[in-house]
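S.K.: Residue numbers (this note's numbering), protein chains in the order written: chain A, 1 to 336; chain B, 1 to 277; chain C, 1 to 329.
By construction, these hints were calculated from the structure, which means they are not laboratory data. For glycine and all other residues, C-beta sits at the position ideal for the given N, C-alpha and C. Check before you lean on any hint, since a few could be wrong.
To be verified - So, partial list: chain C residues that the calculated Cβ filter (under 10 Å) puts toward chain A: (1) GLU22; (2) LEU23; (3) GLN24; (4) SER26; (5) SER30.
What the hints assert, rightly or not - Below, computed lysine-lysine pairings styled on BS3-like, alpha-carbon distance capped at 27 Å: (6) LYS131(C) to LYS236(C); (7) LYS294(C) to LYS71(C); (8) LYS131(C) to LYS8(B); (9) LYS265(B) to LYS132(A); (10) LYS313(A) to LYS332(A); (11) LYS8(B) to LYS236(C); (12) LYS153(A) to LYS27(A); (13) LYS182(C) to LYS8(B); (14) LYS132(A) to LYS177(B); (15) LYS182(C) to LYS43(B); (16) LYS178(A) to LYS27(A); (17) LYS266(A) to LYS332(A); (18) LYS131(C) to LYS265(B); (19) LYS252(A) to LYS332(A); (20) LYS153(A) to LYS107(A); (21) LYS153(A) to LYS177(B); (22) LYS153(A) to LYS178(A); (23) LYS112(A) to LYS8(B); (24) LYS10(A) to LYS266(A); (25) LYS107(A) to LYS43(B); (26) LYS107(A) to LYS119(A); (27) LYS20(A) to LYS266(A); (28) LYS119(A) to LYS153(A).
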Amino acid sequence: MAELQLNNVKKSFGAVDVIKGVDLEIKSGEFMVFVGPSGCGKSTLLRLIAGLEDITSGTLEFDGTVVNGLAPARRGIAMVFQSYALYPHMSVYDNMAFGMQLQGDGKDEIRKRVEAAAKLLQIDQYLERLPKQLSGGQRQRVAIGRAIVRDPKVFLFDEPLSNLDAALRVATRLEIAKLHHSMNNVTMIYVTHDQVEAMTLADRICVLRDGLIEQVGTPLELYEKPQSLFVAGFIGSPQMNFLNGQFAAAYKANTIGIRSEHIEIKDSGGLWSGEVVHSENLGSDSYIYVDIGSDMPLIVRQNGTTSKQLGDKLSLSPIDDSSVHRFDAAGKPMVN
Amino acid sequence: MTAWALTKRSLFYLAVIAVVVISVFPFYYAIVTSFATGTDLFKVQYWPHSLTLVNYLNVLTTGSFPRNLLNSIIVAASVVLLALLLAVTASYALSRVRFRGRSLLLLTILAVSMFPQVAVLAGLFEVIRFFHLYNTLWALVFSYTIFTLPFTVWVLTTFMRDLPIEIEEAAIVDGAKPWTIITRVFMPLMWPALVTTGLLAFIAAWNEFLFALTFTSSNDTRTVTVAIALLSGATPHEIPWGPIMAASVIVTLPLVVLVLIFQRKIISGLTSGGVKG
Amino acid sequence: MTTEATGGAIPLSHSGTHRRSELQSSRLRSAFIFLIPMIVALLIVAGWPLARTIYYSLTDATLDNLYTGAKFIGFANYFAWVTLPSGRTFFSGILVDPAWWNAVYNTLRFGIASVVLETVFGMLIALMLNKEFVGRGIVRAAILVPWAIPTIVSAKMWGWMLNDQFGMVNDLLLHLGLIHDKIAWTVNPDTVMLSIIIVDVWKTTPFMTLLILAGLQMVPTDIYEAAKIDGVHPWKVFWRVTLPLVRPALMVAVIFRLLDAMRIFDLVYVLTPNTPTTQTMSVLAQQNLFAFNKFGYGSAESTLLFLIIAVMTILYIWLGKVNLSGGAK
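Isolated chain A, as found in the complex:
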């Protein structure tokens, strides 16, 4: 377990500034998720922490020691790559044992640790197989196993689930969460572009955009109290409804946002009214798209299947005033 501290970390590739000044504290043992749109720099940040890229300026500390100059192998980190990065010509056992073999550890010690990790991940019967004989999910577990064997202080995950199919993704997500608990809460840093993964796995989320931190907080904090228009629109699926112009002016704001589950359909007399232009029935919920005269139709969530049809005229209102997020011209939340 280690506590990390990033102080004004910047990273440029030649003339291009990718990370523009990040200050972040990652608590010992926490599961921190870096999330953001493509190109925001989240992978780069992870690689800076790993030591695979040089930090241009600023310091990175592990438990108070500056580690900028240290090679990855000396930082006490382990990394799980998006494409697993298993050594194709080595067996599962050798893949997991490689790091320890390089360090010159004893054969018995290696065997103990590898078998323990394999058992934890339920891949112990595949130890003699080659990666190409395994399925995608199994390969991912070998990659995780390789990282576990290193007994790291910090665990780094670089979009590990992107190459898996949807069902496998959900199952592996659960396994990673269980892993975190079973490993005495070792510090884990996880990069993803999928905000569902972020919301479900994280103790805290760090939202990045354009090389800068937008907001850091627990999933619920980000969901209920977004500190910017960007975060409000990024977290939550479907995206938060945004209204400008007269709709926002009614709340004395430049833009207002309201989530689809915070809108109720009234019989009459609602704040907004319009016609149903589209509906999506997902079985467990449904989403109705209503054109109330704003730029984009309002998305309204309903439990179960909806009875509303295309063309129905509806009257809508927020369920209460507190669920309306008000933003000023700069995209910052307004405090009354």
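Put chains B and C on the given structure of chain A with help from the hints.
M.R.: Chains B and C in isolation, oriented as in the chain A frame:
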């Protein structure tokens, strides 16, 4: 099928047959000739009439041809080993480590392979004489590096460049130093490329003529290419076509077999060097 | 992901303000150590000899006085003049040597002819191999045979086939009624260059074919299907679709072959007698170096050949770079 389509199809296959025949016939004819002797040589025959091994015996027992064969094998094998050794580490540096001047270095290496052999002939001649290597096989191993090394480096660099970067990063996180990365992670993945380049380099070395002609002077040290070129008959005016063809077949058959077996690898090696440019 | 931008290598970020991490400096150091043996080898085997050849080209060296007594004569081998007391100026040197210019002419003649033929045939056979048909594997294997045969052996084989007395080429042509008398292909000045071209084309077309085929195989097949649906005539498809898409690979192959053709030695030396009709630059230089014992002069010719090829190579790389910034790569 319409008549026109049928005609097109037949013409196509005719062309195919023509290509195959033209490609293979000269070699076939050489084999036929090698089995002919005496007055048979003065008649043009497309099929082997008499199968005599006289020419082969002649070539293999008189003169130093077997010795020349051995020389060629030794030289080609040594050159390949030397080139691979020097090239493997160099191509790692050229393909996986970014440094200033890298592309310039790569271009220079490519340029060296464009040197006309004659341009370095004089200089090499001097160097070889200086090291007392004249008329030894070492002279050839040494001088052949000028064309095997650049080519080997170039092809291996292209192959290594295509190896996924994440495997290398995983190895770095595991604590592997560059030498370990090359030997324990990359080499096992690269052996097809090594076979290919080795083969191509072997063929190039086997084939070489000018240096072998210039740097060796006695029959014992000559390689097979020079030996064939200089094969002469009993009298100054008689060209011993029979034995020449026999020698040619002996020299070529192993190569042709090797090339046919390793077709795919060779084709991919040639084109990877060429298509990228 | 950022790895795309760095293209297969772990990049070295040159941060002006920060010292390099352990990882990067150890990698740089290793790269240096790994490159040294190769660079040294190339310097010894190519760099130094080239320098020496250029040096010798500026001397009057012969095989006897290589190490002792070779006098520095400046550019005299290349071009010099002497004004006789009678007032006449007498020019000497390679640049006014008719043998040299003849060799240049021969080399160009050979180079252009064979590259053009190899490209055309190569393209045709590549197009053929690009189609699927029964026996394609056999054809692909068959065309490798000429390439696999050592040049010397090819020269001998064809020398035998082109033999005026006993050669099968004459025999076949006579039987087909295409010629009346036997032709001394490799001796007659009218046909000797043709013989060389024939053999070289036979030997090298496979190489061109393979390169062009690789380029062809990178063209996505749906383009051809779309053209078929549009009803475009195959000839048009070739000129307007295939050819432009294959052009990069084609250009590489052509330039490569051209440079190679400029250097030709083996085939000419072995197939044909040493005559002015076929002497190429390499052959001439080698002759002067060793047979005529004009080491300095031969070195000068070698240097000139090197310069010609160097200029062509630089032009090619420069043009290639220009293409790269605008073009299909």
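S.K.: Mind listing which of the numbered hints don't hold for this structure, in increasing order?
M.R.: 5, 10, 13, 17, 23, 24, 25 and 27
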